[in-house]
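K.L.:
Spelled out from the first residue to the last, the chains are:
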Amino acid sequence: MLESYVPVLILGVISVGFAFVTLALSHLIGERKPTEEKLIPYECGNVPIGTARERFPVKFYIIAMLFIIFDVEVAFMFPWAVLYENLGMLGLIEMLIFVLILMLGLAYVWGKGALEWE
Amino acid sequence: MANFDFLSISPDLVLIAFAVLFLLMGSFSRTPGVHNYNMLSISAFSLAILFNLLLFGSKRFGFYDMMLYDELAGIFRFIFYGIGIIVSLMSDPYIEGKIKHKGEYYALIILSIVGMSFIATSYDLIMLVLGVEAMSLSVYILAGMFKHDEASAEASIKYFLLGAFSTAIMLLGIAFVYGTVGTTNYSLIVQNYNKYLHGGIQTGIFLFGVAAILAGVLFKIAAVPFHMWTPDVYEGAPTSVTAFMISGVKAASFFMLIRVFLIALKVAVFNFVDIMVFISIITMTLGNIAALTQRNIKRMLAYSSIAHAGYMLIGFVALNKTGLAAIVFYLIAYALMNLGAFAVLVLLEEKGKDLEHVSGCGFLYPFLGLMMTIFMFSMVGLPPTGGFMGKFYVFKGALEAGYLWLVIIAVLNSAVSAYFYLRVLVYMFFEKPIDAGGALRTSSATVTTALVLTSVGILFLGIFPQFFFEITTKYMTYLP
Amino acid sequence: MFDFIVLIPLFPAFGAFLNGIYGVFRSNWADKPSHTIGIASIGLAFGLMLLLVYKMVSVPIVLLALVPALGAFLAFIFGYRWSDKLVSIIGVGSIGISFILSVLAFWKLIHLEPEARFIEVVFYKWMISGDLSLDIAFLLDPLSAVMILVVTGVGFLIHVYSVGYMHNDPSYPRFFAYLNLFVFFMLILVMANNFPMMFIGWEGVGLCSYLLIGFWFEDDYNAYAGNKAFIVNRIGDFGFLLGMFLIFVTFGSLNYKDVFETASRVLSYNGFTVTAITLLLFVGATGKSSQIPLYVWLPDAMAGPTPVSALIHAATMVTAGVYMVARCNALYTLAPISMAVVATIGALTAIFAASMGFAQRDIKRILAYSTISQLGYMFLGVGVAAFSAGIFHLVTHAFFKALLFLSAGSVIHAMGGEQDVMKMGGLKGHIKKTFIVSLVGTLAIAGAPGLSGFFSKDEILWQAYSSPYGSVFLWAIGVITAGMTAFYMFRWLFLIFFGEERMDHETKHHIHESPNVMLVPLYILAFLSIVGGYIGIPESLGGKNHFHHFLEPVTRYAYKIEGPHYSHALEYALMIVSVAVAFAGFAIAYICYVKNPSIPVKFAESYRNIYRWVYNKYFVDELYEFLFVKGTLNTCFGLKAFDEKGIDGAVNGTGKSLYWSSILTSKLQTGYIYHYVWGIVLGLLILLF
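Chains as they are written, first to last, in our numbering: chain A, 1 to 118; chain B, 119 to 598; chain C, 599 to 1287.
Just to be clear, a hint being listed does not mean it is correct.
Claimed, not checked - Mimicking DSBU-like on lysine-lysine, the simulated pairs with C-alpha atoms at most 30 Å apart in a straight line are:
| # | chain 1 | residue 1 | chain 2 | residue 2 |
| --- | --- | --- | --- | --- |
| 1 | B | Lys592 | C | Lys1106 |
| 2 | A | Lys112 | B | Lys218 |
| 3 | C | Lys1031 | C | Lys1193 |
| 4 | C | Lys826 | C | Lys1021 |
| 5 | B | Lys218 | A | Lys59 |
| 6 | B | Lys471 | A | Lys59 |
| 7 | C | Lys683 | B | Lys514 |
| 8 | B | Lys177 | B | Lys439 |
| 9 | B | Lys265 | A | Lys112 |
| 10 | B | Lys265 | C | Lys1265 |
| 11 | B | Lys471 | C | Lys683 |
| 12 | C | Lys1265 | B | Lys439 |
| 13 | C | Lys1106 | C | Lys1193 |
| 14 | C | Lys683 | B | Lys550 |
| 15 | B | Lys216 | B | Lys384 |
| 16 | C | Lys1106 | C | Lys1026 |
| 17 | B | Lys216 | B | Lys265 |
| 18 | C | Lys1228 | C | Lys1243 |
| 19 | B | Lys471 | C | Lys1254 |
| 20 | A | Lys112 | B | Lys216 |
| 21 | C | Lys1031 | C | Lys683 |
| 22 | C | Lys1026 | C | Lys1193 |
| 23 | B | Lys592 | B | Lys177 |
| 24 | B | Lys216 | A | Lys59 |
Treat the hints as calculated values from the structure; they're not laboratory data.
Start from the sequences, fold in the hints, and give me the full structure.
P.N.:
Spelled out as structure tokens, the structure:
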């Protein structure tokens, strides 16, 4: 049984090794000419307008958390949809319950006023 | 196989319905402050107890054999719901004005207890993890319920991070177990172990998995050296939440230990007895010794809970019927005395949290003084309290298993513990009262009810111990 | 059928519980919410108790028990403020119900066959530990039936009396709580079916006695008297405990039934073990029943309120030793040496205490010495294997001594707290009713023919002479004591009620008769003192001696020796002698204290030393103080020095090292999460290896 883990082991070794080797190589043979532009954080090509370590309004976090919850919901729905035929009625009911719980959560969030920006 | 036995989880369904109701009430009610959430939550638990009473005595598998409801699980459900009632009773005057929406508080308590109940009925490691997470997540939030209190927030974050870490270790262990025996179902683990594993590297990996699961469980139990979070979290969390954690979470964790290691992993449990003896000794010794110098009563009780965990582990080390049944008995007594002591603290906290602040309160408030005396006596283990009989049965189990020296160490430990428990009473009765704080609102009817319930329970366990002990012995069917 | 007897001790316990709670929380219960909560919790506790009872007992009895509880509960709910009136209702009512139940139990018992009169009711399995298996179980047999009747009956009367006597006391509920608690423990003592339970009662009554002697603890002397009683009793209890252990070692059981049934087989006649057991038990009895050498606490115990002296230190608790010896008759009869010791100690105590009663001045102390002396009689009785005679005297003594104490209380009440008989006199005209009942009591104790004391005392004297364990000397001491009893009791009576009025004017002005609530119990007790003896008229006087036959089954396991038979003529002769001696005692008292009051004064002057000797109770207290208290203290100081230097050093060293290690372990708690994580990792590593 343990043999089946050998590919996982190989994968692990290769991934760690790859990361290590790349970093080591670039450190060893890469040429370094630091300029100011090179040292600023990379933000998808935009020029930063201030330090990234500043305080955000807490509302961002709330929205982000809500996003994650529903994101996970969708992530859960993909495999479910793929296997929908096999799961049959039972799968449908299970998913309905799951969605219902999330609906209740949404209602709660809505009632608490977390969806309003101000 | 698709045995959807909703009846077996009916108490939990009731509770979940109430929890959802509480949350929605908080969101949509125009006057969220006026609802008697504590009474509602008590009725929820009472309903749950009623359903459980109807179920009690049957043995039912359910949900693809991921759940097994048996008598011992039923008993633990009673314990959890009872704890829920008492916590609901003592919380209200304490959180009044400190938490904006009390429904959330009670909903989280209820959900956490549902998690415990799932732990109690789990028959699959996945189910177990679900239960543990449902319980823990709610408690993480509860610990940080006082948003404007730094200590509370710190407790919450610490508990969350460390808890997540320990759960990760536990999941890792489960993964290893799954990897070696190819299943997470309790009975299949045993079957497959006997079928496929015969020594060698695979058994080694299996044992590694078991050790990691054990580490996760011991973290929840707060055994040394997994105890580091306990003092900070118990001290920082709101007092009523600490009472809940110290009684409910501890009881659930111990049942997790018993259930997982005596049903699923009983094939491996004997490999860990020696190390558990060691852990039990350092747990109680360190807990008691560290408690000696604490000035903050909550922190002292946190260390004391570590020490009590050590005593209870003795019953697990003994691995016989008496010892294991004694753990259950001890847990009941332990939950009652801690809930009671914290209920007193809930009232006295207006004065302050340190020993000096309760000076003279014993005579100022004779009822509270009397109650605290009962609870502290029970914690030391003096007759005629439940604490005494709990220790007695645990030690008896250990003696039957031949651990005389372990019992001697434990008894020495409880002698040491008398110092810091009785010191609370010394401050309450023999010190001059300090002026700070003014008069207390001691006449909270719900807290008084909680105090009466717990103290009567403690004395009942102490005077008529046979009653419960016979029940627990009868249903302690998990044996290695 | 007899299950309800478990309720007999439960009612007083409940009364004590209620009144105790009220006494503690009285000041806090002024506001209504906490009042209601307190009551609700009491109701809950009582409900629990009832539930327990329900599991053991048939339903109607439980309903009976529910009625008063329900009434009280409803009264509270509808805002009835708890008053002293309610305290007395609960206090007296609970004993009253117990009494009714006792009568019921007795009634049912005498309708059984004599052989069937042993009923054991198991209430609860108490503990099982190794070979030891104990039940909370009650035994109802003729002996315990008599005892519960006396305890609840006399107890009830004294409770009623206390309502009047204590009515202005600020600690009224506390008093009733203690008194009820006492009755509870006393009932446990007499109804137990095993030694440890008896010991619980034994210790419990000791505790209540201590609490009640020191009831007015604001006064140092009272607290001291309570301590003295407690400590002296503790010495006796030590012997009792050792005896109990020895019984367990020998028999492997502590149940009466097991022990007594097998006694004659397990133990050899006059063997060492049985002698040791019985002597050790008797040490306990000397403490509780205040016999030589442990009698010293009883006179001081008079510091308690008078009803307490009547109930605890005359009628019931102090007779526990007699009861115990009678209960263990199967053991005692196997040990002739112990029997001789019991009888001799009894006789010596009787005469010694009687002589100390001669010169006392305190109205209650005289009665206290008389109690010691009468207890000596009872031990004399049981010591010569006349168990029923001893118990008979116990019963009659309970009547007339309670009567005398309560009358004394009535006198003290009338005199506004004065207790010195030398400052009384001539009260006959002022408080006539009290005088009459006192006279009845005095006649009864002096053994006037026809009254209860005569029959019981005479039976003991006759047995002391005729029993195989008896002897002529014991009889002679008994008769002389009878004369002395008559003398000092009439001295007591004459000094109080006859002669010139020696009180000051102010007191005299205020003398008043007691209220009816105090007098009615006195009448009832006086009536009982007169007729109480007719349950046991000896056969020689044409009676049937029902009492003796009723108690006979109790001694069925006793070792029987055939004694010589004597004719009725001899019995008459002895009877006449004792009556004559008693009359002589009366006559001397009459001459000395009514006819010619100067005689005692002259006597005291001319025999100053003897008088001083007797007045100071032979300096026994001082002797004990010198021998034991000082000796113990000196040893203790020596030990203390050793303790402080050697033991404390070691102990404190341990404590200190624990303390430092505690600070060290607290240091481990850094508060940093990553340190904590290392803890977890460390633990995982420990588990792995």
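K.L.:
Identify every previously stated hint that the structure contradicts and give their numbers, smallest first.
P.N.:
Hint check: 1, 6, 7, 11, 12, 14, 15 fail, others pass.
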